[in-house]
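Each residue of the sequence shown is one higher than the last, beginning at 1005 in the working numbering.
It is possible that some hints are incorrect.
Beta-carbon label-pair distances, calculated as ranges [claimed, not checked]:
#	residue 1	residue 2	range
1	Tyr-1066	Ser-1128	29 to 39 Å
2	Thr-1049	Glu-1117	26 to 36 Å
3	Tyr-1018	Gln-1132	15 to 25 Å
4	Glu-1048	Glu-1117	27 to 37 Å
5	Val-1109	Pro-1081	12 to 22 Å
6	Lys-1115	Tyr-1091	10 to 20 Å
7	Arg-1063	Gln-1132	30 to 40 Å
8	Ile-1110	Asp-1071	24 to 34 Å
9	Leu-1131	Tyr-1066	29 to 39 Å
10	Ser-1030	Arg-1054	12 to 22 Å
In silico lysine to aspartate or glutamate, EDC-like type, Cα no more than 20 Å apart, as pairs [stated by the list, open to error]:
#	residue 1	residue 2
11	Lys-1017	Glu-1068
12	Lys-1028	Glu-1124
13	Lys-1125	Asp-1082
14	Lys-1112	Glu-1068
Read the hints as simulated data drawn from the structure, not as lab findings. Even glycine gets a Cβ: it sits at the ideal position worked out from N, Cα and C.
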Amino acid sequence: MEKATIMIVDDEKYILNALRRLFKKSPYNCITFDSPVDALDTLETLDKNRPHVVISDRRMPYMEGIDFLTRVKGLYPDTYCILLTGYKLPDRSHNALKYRRIDRVIFKPWKDEDIKQEIEKALSFVLQY
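Full structure from sequences and hints, please.
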(Lines of atoms letter the chains of each structure in order from A and count residues from 1; the text may use other names and numbers.)
(Lines give C-alpha, C1' and ligand atoms only; values in the text may rest on other atoms or scores of the structure.)
Protein backbone atom coordinates (compact mmCIF):
# COMPACT_ATOMS: atom_id res chain seq x y z
CA MET A 1 0.00 0.00 0.00
CA GLU A 2 1.33 3.45 -0.88
CA LYS A 3 2.29 5.88 1.84
CA ALA A 4 -0.21 8.73 2.00
CA THR A 5 1.01 12.28 1.37
CA ILE A 6 -0.35 15.39 3.06
CA MET A 7 0.49 18.84 1.69
CA ILE A 8 0.11 21.83 4.01
CA VAL A 9 0.17 25.40 2.69
CA ASP A 10 0.16 28.37 5.06
CA ASP A 11 2.08 31.64 4.98
CA GLU A 12 2.43 31.66 8.78
CA LYS A 13 5.53 29.74 9.84
CA TYR A 14 4.19 28.91 13.31
CA ILE A 15 1.12 27.22 11.77
CA LEU A 16 3.33 25.16 9.45
CA ASN A 17 5.54 24.20 12.37
CA ALA A 18 2.58 23.22 14.55
CA LEU A 19 1.10 21.02 11.83
CA ARG A 20 4.51 19.55 10.98
CA ARG A 21 4.94 18.57 14.64
CA LEU A 22 1.43 17.09 14.68
CA PHE A 23 2.28 14.75 11.81
CA LYS A 24 5.95 14.13 12.69
CA LYS A 25 5.35 10.64 14.10
CA SER A 26 2.52 9.79 11.73
CA PRO A 27 2.81 7.24 8.94
CA TYR A 28 2.32 9.98 6.31
CA ASN A 29 4.65 11.93 4.06
CA CYS A 30 4.09 15.55 5.02
CA ILE A 31 5.22 18.33 2.70
CA THR A 32 4.80 21.99 3.55
CA PHE A 33 4.88 25.28 1.69
CA ASP A 34 4.62 28.86 2.90
CA SER A 35 3.41 30.02 -0.51
CA PRO A 36 0.50 28.74 -2.62
CA VAL A 37 2.43 29.76 -5.75
CA ASP A 38 5.37 27.52 -4.80
CA ALA A 39 3.00 24.69 -3.90
CA LEU A 40 1.28 24.95 -7.30
CA ASP A 41 4.63 24.92 -9.09
CA THR A 42 5.43 21.67 -7.32
CA LEU A 43 1.97 20.19 -7.88
CA GLU A 44 2.15 20.81 -11.60
CA THR A 45 5.32 18.69 -11.83
CA LEU A 46 3.93 15.72 -9.91
CA ASP A 47 2.35 12.72 -11.53
CA LYS A 48 1.73 9.62 -9.47
CA ASN A 49 3.18 11.20 -6.32
CA ARG A 50 0.34 13.66 -5.90
CA PRO A 51 -0.76 14.55 -2.38
CA HIS A 52 -3.80 12.68 -1.08
CA VAL A 53 -4.84 15.52 1.22
CA VAL A 54 -4.11 19.24 0.88
CA ILE A 55 -4.64 21.61 3.80
CA SER A 56 -4.52 25.30 2.95
CA ASP A 57 -4.94 28.49 4.91
CA ARG A 58 -7.72 30.73 3.60
CA ARG A 59 -5.98 34.11 3.73
CA MET A 60 -2.53 34.23 2.15
CA PRO A 61 -0.61 36.73 0.04
CA TYR A 62 -0.76 36.33 -3.75
CA MET A 63 -3.60 33.79 -3.71
CA GLU A 64 -6.60 33.01 -1.51
CA GLY A 65 -6.80 29.48 -0.16
CA ILE A 66 -10.09 28.87 -1.98
CA ASP A 67 -8.48 29.78 -5.30
CA PHE A 68 -5.49 27.58 -4.52
CA LEU A 69 -7.65 24.58 -3.58
CA THR A 70 -9.79 25.09 -6.69
CA ARG A 71 -6.60 24.84 -8.77
CA VAL A 72 -5.57 21.71 -6.84
CA LYS A 73 -8.94 20.11 -7.63
CA GLY A 74 -8.43 21.01 -11.30
CA LEU A 75 -5.11 19.17 -11.34
CA TYR A 76 -6.09 16.27 -9.06
CA PRO A 77 -9.89 15.95 -8.69
CA ASP A 78 -9.63 13.08 -6.19
CA THR A 79 -7.40 14.98 -3.75
CA TYR A 80 -9.19 15.80 -0.51
CA CYS A 81 -8.96 19.56 0.09
CA ILE A 82 -9.28 21.15 3.53
CA LEU A 83 -9.55 24.90 4.06
CA LEU A 84 -8.05 26.14 7.33
CA THR A 85 -9.39 29.48 8.52
CA GLY A 86 -9.69 31.69 11.54
CA TYR A 87 -12.43 33.78 9.98
CA LYS A 88 -16.13 33.48 9.33
CA LEU A 89 -16.70 31.96 5.92
CA PRO A 90 -17.83 34.24 3.11
CA ASP A 91 -20.39 33.06 0.57
CA ARG A 92 -17.53 32.07 -1.75
CA SER A 93 -16.46 29.41 0.75
CA HIS A 94 -19.96 27.98 0.98
CA ASN A 95 -20.13 27.80 -2.81
CA ALA A 96 -16.72 26.10 -2.91
CA LEU A 97 -18.02 23.48 -0.48
CA LYS A 98 -21.27 23.11 -2.39
CA TYR A 99 -19.53 22.56 -5.71
CA ARG A 100 -16.84 20.33 -4.13
CA ARG A 101 -13.87 22.58 -4.82
CA ILE A 102 -13.10 22.11 -1.13
CA ASP A 103 -14.14 19.11 0.92
CA ARG A 104 -13.95 20.40 4.47
CA VAL A 105 -13.38 23.54 6.52
CA ILE A 106 -11.49 23.50 9.81
CA PHE A 107 -11.50 26.59 12.00
CA LYS A 108 -8.52 27.98 13.89
CA PRO A 109 -7.72 27.38 16.63
CA TRP A 110 -8.09 23.67 16.05
CA LYS A 111 -7.79 20.68 18.32
CA ASP A 112 -4.99 18.34 17.27
CA GLU A 113 -7.20 15.30 17.70
CA ASP A 114 -9.85 16.83 15.39
CA ILE A 115 -7.28 17.37 12.62
CA LYS A 116 -5.93 13.84 13.00
CA GLN A 117 -9.45 12.39 12.81
CA GLU A 118 -10.26 14.51 9.77
CA ILE A 119 -7.09 13.32 8.01
CA GLU A 120 -7.98 9.69 8.81
CA LYS A 121 -11.48 10.18 7.35
CA ALA A 122 -10.09 11.94 4.29
CA LEU A 123 -7.53 9.22 3.64
CA SER A 124 -10.04 6.42 4.06
CA PHE A 125 -12.15 8.18 1.44
CA VAL A 126 -9.30 8.98 -0.98
CA LEU A 127 -7.39 5.70 -0.71
CA GLN A 128 -10.42 3.54 -1.41
CA TYR A 129 -10.23 4.59 -5.07
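Tested hints:
1. At roughly 33 Å, the beta-carbon separation of Tyr-1066 and Ser-1128 lies within the given 29 to 39 Å, and the hint holds.
2. For Thr-1049 and Glu-1117, the Cβ-Cβ distance of about 34 Å falls inside the hinted range of 26 to 36 Å, so the restraint holds.
3. The beta-carbon spacing between Tyr-1018 and Gln-1132, approximately 34 Å, falls outside the hinted interval of 15 to 25 Å.
4. The hint said 27 to 37 Å for the Cβ distance between Glu-1048 and Glu-1117, and at roughly 34 Å that hint holds.
5. At about 19 Å, the beta-carbon gap between Val-1109 and Pro-1081 stays in the expected band of 12 to 22 Å.
6. In this structure the hint that Lys-1115 and Tyr-1091 lie 10 to 20 Å apart at CB holds, the actual value being about 18 Å.
7. At about 32 Å, the CB distance of Arg-1063 to Gln-1132 agrees with the hint of 30 to 40 Å.
8. Distance hint check for Ile-1110 and Asp-1071: the Cβ-Cβ separation is about 18 Å, which falls outside the suggested range of 24 to 34 Å.
9. Separation of Leu-1131 from Tyr-1066 is about 31 Å and conforms to the stated range, judged on CB atoms against 29 to 39 Å.
10. As the Cβ distance of Ser-1030 to Arg-1054 is approximately 18 Å, the hint placing it in 12 to 22 Å holds.
11. At roughly 17 Å between alpha-carbon atoms, Lys-1017 and Glu-1068 fall within 20 Å of each other, so this suggested pair holds.
12. For a cut-off of 20 Å, the pair hint linking Lys-1028 to Glu-1124 stands: about 15 Å separates their Cα positions.
13. With a C-alpha separation of about 14 Å, the suggested pair Lys-1125 and Asp-1082 falls inside the 20 Å cut-off, and the hint holds.
14. Between Lys-1112 and Glu-1068 the alpha-carbon distance is near 16 Å, which keeps this suggested pair within the 20 Å criterion.
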